[in-house]
Amino acid sequence: EDQVTQSPEALRLQEGESSSLNCSYTVSGLRGLFWYRQDPGKGPEFLFTLYSAGEEKEKERLKATLTKKESFLHITAPKPEDSATYLCAVGTQGGSEKLVFGKGTKLTVNP
Amino acid sequence: GAGVSQSPSNKVTEKGKDVELRCDPISGHTALYWYRQSLGQGLEFLIYFQGNSAPDKSGLPSDRFSAERTGGSVSTLTIQRTQQEDSAVYLCASSRQLRNTEAFFGQGTRLTVV
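Chains as they are written, first to last, in this note's numbering: chain A, 1150 to 1260; chain B, 28 to 141.
Pulled out of the complex, with its shape left as it was, chain A reads as follows:
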């Protein structure tokens, strides 16, 4: 069964304190790994897609990396506006377009 596990469940940082969020996955065949950001009361907002081990993508203070078993979302010098829940999901080979999501990491950045 395809599974996605995110850690930690919650993370508190001071503004400017860099850190990383982890997403571990087990799938029969990886079609892609996706990162989303979700603010309270809103739908998820797409951040990145990674397709193969070694791939990296960046957007502002965020950088996503991928290995064969996990992905990291690195946050450099975070600001309070980066506070949100970050969701990781995998798409699997085999025809279905469904994504399997982790439970997310709730990030709080204090000023």
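Some clues are possibly wrong.
Claimed, not checked - In silico BS3-like links for lysine-lysine, alpha-carbon gap of 30 angstroms or less:
#	chain 1	residue 1	chain 2	residue 2
1	A	Lys1218	A	Lys1228
2	A	Lys1206	A	Lys1255
3	A	Lys1217	B	Lys84
4	A	Lys1252	B	Lys42
Don't read these hints as lab results, they were simulated from the structure. Predicted model, so just to flag it, every value in this text is computed and none were measured.
Please build the complex by placing chain B on the supplied structure of chain A, with the hints as guidance.
Using the frame of chain A, we list chain B on its own:
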């Protein structure tokens, strides 16, 4: 509209009643997805549409749940004889085509069954 629109934003219903949740995708998006988000749980896949066809309905929890899409646009998720465990946020997303990874989500419908 500019984004995916879902209605109603909130729905409180009595156990045993039927409910309909509506999703208006972004114009021109051929793929449409329904997910459910329960408190403390990750997003759970329900069903997706390519045009008006639903190739994968495997996530629908029971036969009380059904969905349709008409005109390659609006989709309706219907829950019959609602139960308390159906309480959740129901999220709809659309993308320009399948395998287009940038799926845009609506704000969701918060369903509470009392």
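Cross-check of the supplied hints:
{"no.": "1", "hint": "A:Lys1218 <-> A:Lys1228", "in the structure": "holds (29 angstroms)"}
{"no.": "2", "hint": "A:Lys1206 <-> A:Lys1255", "in the structure": "holds (21 angstroms)"}
{"no.": "3", "hint": "A:Lys1217 <-> B:Lys84", "in the structure": "holds (29 angstroms)"}
{"no.": "4", "hint": "A:Lys1252 <-> B:Lys42", "in the structure": "holds (27 angstroms)"}
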